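With the sequences and hints as input, model every part of the structure.
Chains as they are written, first to last, in my numbering: chain A, 1 to 236; chain V, 1001 to 1236.
Quick caveat, the hints were computed from the structure, so don't treat them as lab data.
Misleading hints may appear alongside valid ones.
Below, a sample of chain A positions facing chain V; criterion: calculated Cβ distance under 10 Å [unchecked claim]:
1. 57
2. 85
3. 87
4. 107
5. 139
6. 143
7. 166
8. 169
9. 170
10. 172
11. 173
12. 186
13. 188
14. 211
15. 229
Computed from a prediction, not measured in an experiment: that's the story for all the values here.
Think of the CB as a built atom: it goes at the ideal place given N, C-alpha and C, for glycine as much as any other residue.
Protein chains: 2
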Amino acid sequence: MCDTCGCQTTKHSHQDRKLLEINKSLLEANDSVARKNRKHFGEIGARAINLISSPGAGKTTLLEKTAELLSGEFDFAVIEGDIETERDAQRIRAKGIPAVQITTGGACHLDASLVHKGLHELQHTVPESGLDLVFIENVGNLVCPAAFDLGEHKRVVMVSVPEGSDKPAKYPRAFMGSDLLIISKMDLLPYFDFSLEEASREARRLNPDIKIMALSSVTGQGMEQWRDYLAGLTKI
Amino acid sequence: MCDTCGCQTTKHSHQDRKLLEINKSLLEANDSVARKNRKHFGEIGARAINLISSPGAGKTTLLEKTAELLSGEFDFAVIEGDIETERDAQRIRAKGIPAVQITTGGACHLDASLVHKGLHELQHTVPESGLDLVFIENVGNLVCPAAFDLGEHKRVVMVSVPEGSDKPAKYPRAFMGSDLLIISKMDLLPYFDFSLEEASREARRLNPDIKIMALSSVTGQGMEQWRDYLAGLTKI
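The structure is reproduced here in structure tokens:
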């Protein structure tokens, strides 16, 4: 009962408890499939990277540029997650990179089962020599994807300059669980009130071990550092 | 059982069914509180606007500019939704506008109960003459907020130029349920491969009745149109 107006508030404590129990059990099931995915990625010789950001931060563009950057050096493939449309996979395939599209049918994040399905689709197109890297491009969302292990080896969170440097403080979980923060669209720095120092400080406050890289797919800033990071992963 | 590798897939059909039932019942409970919110907004003479976008599309900045635009003409207040931090409410209060901050404690969207709580907090600061408008700034997320009626009279979805004109097609539900699409950060059009025509066409394909407005908080583009839209609402 609401003190001020007498409205019935919707506590539903019994339902809430049931929901929490089911969610816990679904997350445990997810983590179990994620562990299997990690093993599968290992079997094809690949390290997997789960790429998380808001819509439009530049995930697909970064992967297009990565195709040019790693061309002939490493074999990689992409599992594309979207709510709807095949567009991102088409953009990646246009660069000569194997890509499978997973649509979540409304869900706001990928889960390990969807990635498992994507992995098996991908295996039809993998070269005999195997793969060095598999990128998993998550649904554009800085909140929900942070809760789901997909079986990746590294989690990378991207924030673009136009989004603002307050994003780590406002969406902490995505930063707490990531290995690398990419600040993208650095070429736009002159047009925005974005503080690289604030974004880095807040991200490190949440996660002292997080690596930070400032990139621009337009000017090429930081792309060598990104290449070296990826090369380092393939050697682990 | 997965045909290719023998992995156990996580179907959990019994759990899925239970989860669907609980979700349906929670959404129904939400809608019932939303109807009460709408009544409450009416009682203080206000029309409520639910503002939805990705993180960093410029929701708070638009509200800051709206404070300058409507100063002395209309009384309005803001219910700020965030996962963490009081920052947005502080920015709004600095413009002399009453604002309450609702933090969702991890949840990826506002729901009607949270807004109901915000509404009652707000009532302590409302002038005796009542309010003309209440803006509800949702959590930065283009997916989950689309499913929850908060008791608003109008739903406004924002997409900023840096995010790209493919966003309506990729995140359809937010556009299907909105009355107005604001394309924000129009001053950045020269620096991006953004097609206003594509974004508008895709939004209208999903929702033939959606109004579309192109704004820039920096140059002031479209702000008179936005003012007229808000003035029109207060007269309904």
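Hints, verified against the model:
Hint status for residue 57(A) relative to chain V: holds, with the closest Cβ pair at about 8 Å, below 10 Å. The beta carbon of residue 85(A) is positioned within 10 Å of a beta carbon in chain V (closest approach about 5 Å), and the interface hint is therefore held. For the restraint placing residue 87(A) at the interface with chain V, the shortest Cβ-Cβ distance is roughly 6 Å, inside the 10 Å limit, so the hint holds. Interface hint status for residue 107(A): upheld, as the beta-carbon distance to the closest one in chain V is roughly 8 Å, under 10 Å.
Given the 10 Å rule on beta carbons, the hint for residue 139(A) holds: about 7 Å separates it from the nearest Cβ of chain V. Here the hint on residue 143(A) is kept, as its CB sits about 4 Å from the closest CB of chain V, short of 10 Å. The beta carbon of residue 166(A) comes within 6 Å of a beta carbon in chain V, closer than 10 Å, and the hint placing it at the interface holds. The restraint placing residue 169(A) at the interface with chain V holds, with a minimum CB-CB distance near 5 Å, inside the 10 Å limit.
A distance limit of 10 Å between C-beta atoms decides the matter here; for residue 170(A) the minimum to chain V is near 6 Å, and the interface restraint holds. Because the closest C-beta pair between residue 172(A) and chain V is about 6 Å apart, less than 10 Å, the hint holds. A cut of 10 Å between beta carbons decides the hint on residue 173(A): the least distance to chain V is about 7 Å, and the hint holds. Hint status for residue 186(A) relative to chain V: violated, with the closest Cβ pair at about 13 Å, above 10 Å.
Taking 10 Å as the C-beta cut-off, the interface hint given for residue 188(A) holds, the closest approach to chain V being about 7 Å. With a least beta-carbon distance of about 21 Å to chain V, the hint placing residue 211(A) at the interface is violated under the 10 Å criterion. Taking 10 Å as the C-beta cut-off, the interface hint given for residue 229(A) is violated, the closest approach to chain V being about 24 Å.
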